[in-house]
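S.K.: Read off the chains here:
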Amino acid sequence: MGRDIVSALETAYVLDTGPLSNFAQAQWLGVLKSVLKDHRVLIPDVVAHELRNGCDRHHYLRSVLDAAWIEQVTLSSPEELAAFVHYERLLVGPDQRNLGECGVLALAETLPSAVAVLDDRVAVEAARGRSVTVRRTLGLLCEAIRAGLLTVPLVSALADDLIQNDYRLPFPHGGFAQWCEREGLFDTP
Amino acid sequence: MDIGARVAEARSQRGVTQAQLAAATGMDRTALAKVESGARRVAAVELVAIAHELGHRVEWFVEEPSPSLASYRGAQPGVAVQAIDDELDSLVRDAEFVTAHCPELVMGQPDPLPYPGTAEEAEEAAATARRLLGLEAGCPAHDFARLAATAGLLVFSVDLGEGADAGTVLLKRGGVALINGRRRVGRRRLAAAHELGHYLVADEFSLDWRVAATETEGIESRLDRFARAFLLPGESLRACWREWLADADETWRDAAVRAASHFGVDMSTLARRLVEVGLVDRSRADDVRRVQTKQADIVEKNLVVRDDLAPVAVPRPYARAVLKLFRREVITADRALGLLRGTFDQASLPDLPPAPEAELWDVTS
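Protein sequences appear in the order of chains A and B.
Everything in the first sequence is counted per numbering that gives the first Met the number 0, starting at 0 for the first residue and increasing by one.
Everything in the second sequence is counted per numbering that gives the first Met the number 0, starting at 0 for the first residue and increasing by one.
I should point out that these hints are in silico values taken from the structure, not numbers from a laboratory.
The reader is advised that the hints may include incorrect statements.
Unchecked claim - Keeping only pairs whose Cα atoms sit at most 20 Å apart, straight-line, the calculated SDA-like set for lysine to any residue is:
(1) K323(B) - K33(B)
(2) K300(B) - I218(B)
(3) K33(B) - P77(A)
(4) K323(B) - A126(A)
(5) K36(A) - A146(A)
(6) K323(B) - A146(A)
Claimed, not checked - According to the in silico footprint, chain A covers these stretches of chain B (three or more CB under 8 Å from chain A):
(7) 56-64
(8) 323-336
A virtual CB, placed ideally from N, CA and C, is assigned to each residue, including glycine.
The following block holds chain B by itself, in its conformation from the complex:
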């Protein structure tokens, strides 16, 4: 690993000049230039300051990224690195670290599903995925991160601003998906279901700018279909839709509000799915797309408000594994807090028991 090249890479990504970085880290500019060109070794104390200034951990400069991330970067040399790329890199390192010390976090990875070549195959893949994740027929897929973790996919959500929707990296065991928490809940869940598709067909790396954008074609559009079929299983949607419409006091709008809440999807996804399964025509689908769930709906229809994958979200089994490493004193409290990405503070970590007196001989020897 060429540390100097990594320093130069990280510096230019942040849009910082050598002079600025040198000043911020208390280094001599010519020394920094020599470090970047490989003419001079960097001292640990300098690297710590550089890492801090450029928003990376020291390991980022010293250790190679995961092979799947590296091959993706190699294939797209001209593409500027985005927030999601950095965040995924860091999540992949953390997840690899945690699973290395706590292998039970990822029990296994299902055999890859065949790439869906048609819409029908995407529907079949969604049905298979629902079975794999232990979802009962027709049951809504709530608490997405918990479900995905049963198949070895760790789904995180972080606010990435206006960047990409989601990305997934296949690990040695299992995988990591990152969802842009900036999107609303329905879009987050749709993106997560789309990433689950990438994971189950064993795509090494995927980065999705806009899940379910109308212009997508080929595998992306079939994974969009997979995602809709996963969240809105056709048979169950049909049965519910008919049942809700059968109520004389309710209209198609009420049914749409109930369906979006029941299955945890946004109106646009619901509208598309209703057409796909033959429940409404295109004109009614446009109406559904414009529906907004009001507070009155939540109260009158007694809807449960769920904020699945609200940022920052870490999957429960991952958090449990981190706490286990903290309890076993494999990692410090501060490292645990970092791995938990701000979802915990010092006071919410478990108290450790007093050291056993038998250790006195060790301590004093």
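Same shape as in the complex, but just chain A:
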């Protein structure tokens, strides 16, 4: 086994409620599993809690909690809680949203090598200058397209949903497919 593969296997992916919810709603959890097959996939306790709370209204969230390949991690060490509070100061207000992002960033930065997957722009900014690598839902979806698991039109539809959910993506409605075409991405040789 080559060195690169070993390090890839050691990289953990820590996922936020939003990206997981997007994959689950589109019934693409299998796709996500394939894309991340070389990695540990983790969610912090606060994300598991958000998912559990959402199950009543969004039944598809149950599939995330039931997925054996998604490990739930309790944040409780002093380092984890200190990191959690660092992000709480930037992201959390009176309505208590964004606690999931705080947990994801806190867990990812206290692991030796981890990638945080989240979409909130402020949360992405908050990770700058900290020891966290961040990827967005669309990054994983593009990887799925490259792997032949999804197509551009399918991903474009989900990208439009992300825009509607106010993630302020850098393209308008329908813009993802146009951009892929313009840049010649995913062209079959």
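Following the hints, put chain B in place on chain A, whose structure we already have.
M.R.: Leaving out everything else, chain B in the frame of chain A:
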């Protein structure tokens, strides 16, 4: 920081039993007891629920309070924590956070003034303070929070019920003063001026139950004098008083109503000041104290009604700094609303521009 001890502290302050808190947060009571005694670590998800239930942010349990607040608490272990104490703790954390990300909020802090040892020194300190805040000679000190911010003191006003009048904490840069918004406008401004005094003599922490209570002595009474002299500069008060009394159609009552409105003080403060500067005797001062400004006065004398420091009030430069952090996407909308303490709603925040297309590579990589 012992998180368990903080949980126990916050729980007993709220008068909640372990069983009640455990039930409210879905925890096992023995697990909660172990958390409080330090025998078991608390999970983030549990701490979020506990914080929510006890009315604190998670940071309150994990990070030490500011050194000045901590030393005050340490010095008074028997004193029950009051609403103002919690509110100040939270304001200090928020102000430290905002100034850390937006240092231009507090440009600087003036060199400490000497403690006024006498009434004359309190008068001198007030004159110096007025100069420091850029007030022209005799000019009334309206819009107190804006004035104080020029010297690095952030003055907030929150309705704290029947608790203390005001409190001030010195920060690493600048300071935070909290005024009990429950009081009427004149009392709020007097309390704010008193806190400005504490700040300018660089008191690390002060909590004032009743500003200008008759029984106060020593430094508190001299800061009361400072506050009156700051709001009602002697020379200017004398000139105005004489001018108003010179009008044959008006009486001392009219002059009192005009003075209270012009300088933004309550009648009791005005009465005391009139005696201090030798404009009335004690018996007339008692009359002034009983004067009530009527709606007819406002119309007939064409008075401007100001509601300085009406709760909730956050200082303008602080609000501007929070909006800057929101625009720069350093903080979320929800965090901005929290830092602005309910003075803004979602719709009143600025619209952010669309993300630049150049970011597409970042988003999709």
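S.K.: All hints are to be evaluated individually against the structure, with a verdict given for each.
M.R.: Comparing the hints with the structure gives:
1. Distance hint between K323(B) and K33(B) is unfulfilled; the C-alpha atoms sit about 43 Å from each other, more than 20 Å.
2. Between the alpha carbons of K300(B) and I218(B) the distance comes to roughly 38 Å, so the proposed pair goes past 20 Å and is violated.
3. Distance check on the hinted pair: K33(B) and P77(A) sit about 16 Å apart at the alpha-carbon level, within 20 Å; holds.
4. At most 20 Å may separate the alpha-carbon atoms for a hinted pair to count; K323(B) and A126(A) meet this at roughly 19 Å.
5. Of the pairs offered as hints, the one joining K36(A) and A146(A) holds, with about 12 Å between alpha carbons and a cut-off of 20 Å not exceeded.
6. Our distance criterion of 20 Å between C-alpha atoms is broken by K323(B) and A146(A), whose separation comes to about 42 Å.
7. Three residues within the 8 Å Cβ limit are the bar, and the region 56-64 of chain B against chain A gives 5, so the coverage statement holds.
8. Evaluation of the coverage hint for the region 323-336 of chain B: fulfilled, as 9 residues show C-beta separations to chain A shorter than 8 Å, against a requirement of three.
Checked against the numbered hints above, the structure breaks hints 1, 2, 6 and satisfies the rest.
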